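Respectively, the protein sequence lines represent chains A and B. Reminder that position 81 of the first sequence reads as 1352 in our numbering, one-by-one numbering, no gaps. Reminder that position 195 of the second sequence reads as 1466 in our numbering, one-by-one numbering, no gaps.
Hints may contain errors.
Said to hold, decoys possible - Once the Cα atoms are required to be at most 16 angstroms apart in a straight line, the calculated EDC-like pairs of lysine to aspartate or glutamate come out as:
id, chain 1, residue 1, chain 2, residue 2
1, B, 1388, B, 1469
2, B, 1408, A, 1469
3, B, 1358, B, 1469
4, A, 1336, A, 1363
5, A, 1358, A, 1469
6, A, 1408, B, 1461
As the list claims (entries may be wrong) - Derived CB-CB ranges, DEER-like:
id, chain 1, residue 1, chain 2, residue 2, range
7, B, 1481, A, 1349, 46 to 56 angstroms
8, B, 1420, A, 1309, 32 to 42 angstroms
9, B, 1332, A, 1459, 48 to 58 angstroms
What the hints contain is simulated information worked out from the structure, not anything from laboratory work. Note that the structure is a prediction, hence the values are computed from the model and not measured. Ideal placement from N, C-alpha and C gives every residue a C-beta, glycine not left out.
What follows is each chain in one-letter form.
Protein chains: 2
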Amino acid sequence: MSLRRFLVAPGDLAEETVQLDKTEANHARKVLRLGVGDRVQLLDGRGKRAEAEILQLGREGMTCKVLRIEDAEPLQPRLVLCPGLAKGPAMDLIAVKLTELAVDQIRPFMARRSEPKIKDAGARLDRWQRLAGQALKQCGAPRTPEFFEPVDFADLLESAPENAAKIMLYERHEGMSLARALADTGRAGEVWLIIGPEGGFDDSEVALAQNAGFTLCGLPGTILRAETACLAAASIVRFAL
Amino acid sequence: MSLRRFLVAPGDLAEETVQLDKTEANHARKVLRLGVGDRVQLLDGRGKRAEAEILQLGREGMTCKVLRIEDAEPLQPRLVLCPGLAKGPAMDLIAVKLTELAVDQIRPFMARRSEPKIKDAGARLDRWQRLAGQALKQCGAPRTPEFFEPVDFADLLESAPENAAKIMLYERHEGMSLARALADTGRAGEVWLIIGPEGGFDDSEVALAQNAGFTLCGLPGTILRAETACLAAASIVRFAL
């Protein structure tokens, strides 16, 4: 049986002993029935995984001694997924599933026809990061994605670096398939993938993206919800390139 | 704006007029604000899509006149996905998302280490079929998958036809990747994909599957929950082959 996993802050694994808080300690004692001397796995969400031993465990916290650390290599290419801001449950699903699929950055954006407008961006970011952390504990992936505050579409386009492979999924595009466009990215170190909002893009936004160097492509034969398109695209990059 | 979609029973589209029940009629009137003369789309979940006009709409039901029908070609290859029976929310996600991804059949199974045991198989099948129908109305896909009652693993293996391409995802398998195994299926008309339960398979089950002609393969570099592996595998078959 694999070790029980706990999430620690980035930086915590630099020390020989790591302190976990009350909530984690109670989860360890009462739910997982762990005790002093048991081995656990500590994840920092930034690629470091440590095997550790519980030195002390009580109501107020838990102290673990780090036995050995491994630093997982990031997967290639770096994958930056840019979903049109969707409703709460769809964004939650994106946060969880794209963590499992080892997406490096999630940069939501608002287009003209985006339905939800962001109200409290800070709270949303905290929520996505927390869900990603829970996903990490369940699936054992080495990293959570880095989440960005939703920005306007034009600002998103400007953030994409010159040398990244840039692809935009566009539901009305019958030409190149996503699989083909991804195969064409060749050895780019970083792939940016834009997935439109449920309402789609208007023509001026499509032109703007093309001017910014994005290649349009479609997912022929089926009609996916935006969040499913995110999962499908990430799956293809991670397993079929 | 695309037409509002309604689900009808297979066979209903054989007639010139189609009768929809009270629930659909109330949804049309009160939520969608439709009225006599409006155009709608009728889906039978078996590949037929009709454009229709509302002839009559009241408290008790709705009558539509079929204007034209198209019959969507099934996608190739036929895709039969066999997930280890998972907990309720994971199976619900599978039912919805595999509808969008145009999976043809979903055949859940119980392995030795499967955690949930099925209690009321009929009720679960009804629920999955209902969720798939809702997904169809949202995404406009032409078909819902055909759902099968969960069976024991050995029985599942026996149901796979001789000439199908047979692949089993196995988390401890480091050798061939899923993308490679799928590419090797060549021009098989039907692909069977087994995705293990959260608890994994035991060695005797792995041997049984290999004897039944299944190729083992892994999803290297990441650790997916079972339901995410289902979505990833279906995405690769549908978009990257």
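So, going through the hints one by one against the coordinates:
1. 1388(B) x 1469(B): 13 angstroms, holds
2. 1408(B) x 1469(A): 14 angstroms, holds
3. 1358(B) x 1469(B): 10 angstroms, holds
4. 1336(A) x 1363(A): The given pair, whose Cα atoms are some 33 angstroms apart, is violated under the 16 angstroms limit.
5. 1358(A) x 1469(A): Roughly 10 angstroms separates the two Cα atoms, so the pair holds.
6. 1408(A) x 1461(B): Not satisfied, since the Cα-Cα distance of roughly 36 angstroms exceeds 16 angstroms.
7. 1481(B) x 1349(A): 46 to 56 angstroms: 36 angstroms, violated
8. 1420(B) x 1309(A): 32 to 42 angstroms: Since the Cβ atoms of residue 1420(B) and residue 1309(A) sit about 41 angstroms apart, the hinted range of 32 to 42 angstroms holds.
9. 1332(B) x 1459(A): 48 to 58 angstroms: Once the Cβ atoms are compared, 56 angstroms apart, the range 48 to 58 angstroms for residue 1459(A) and residue 1332(B) holds.
Violated hints, listed in ascending order, are 4, 6 and 7; each of the other numbered hints is respected by the structure.
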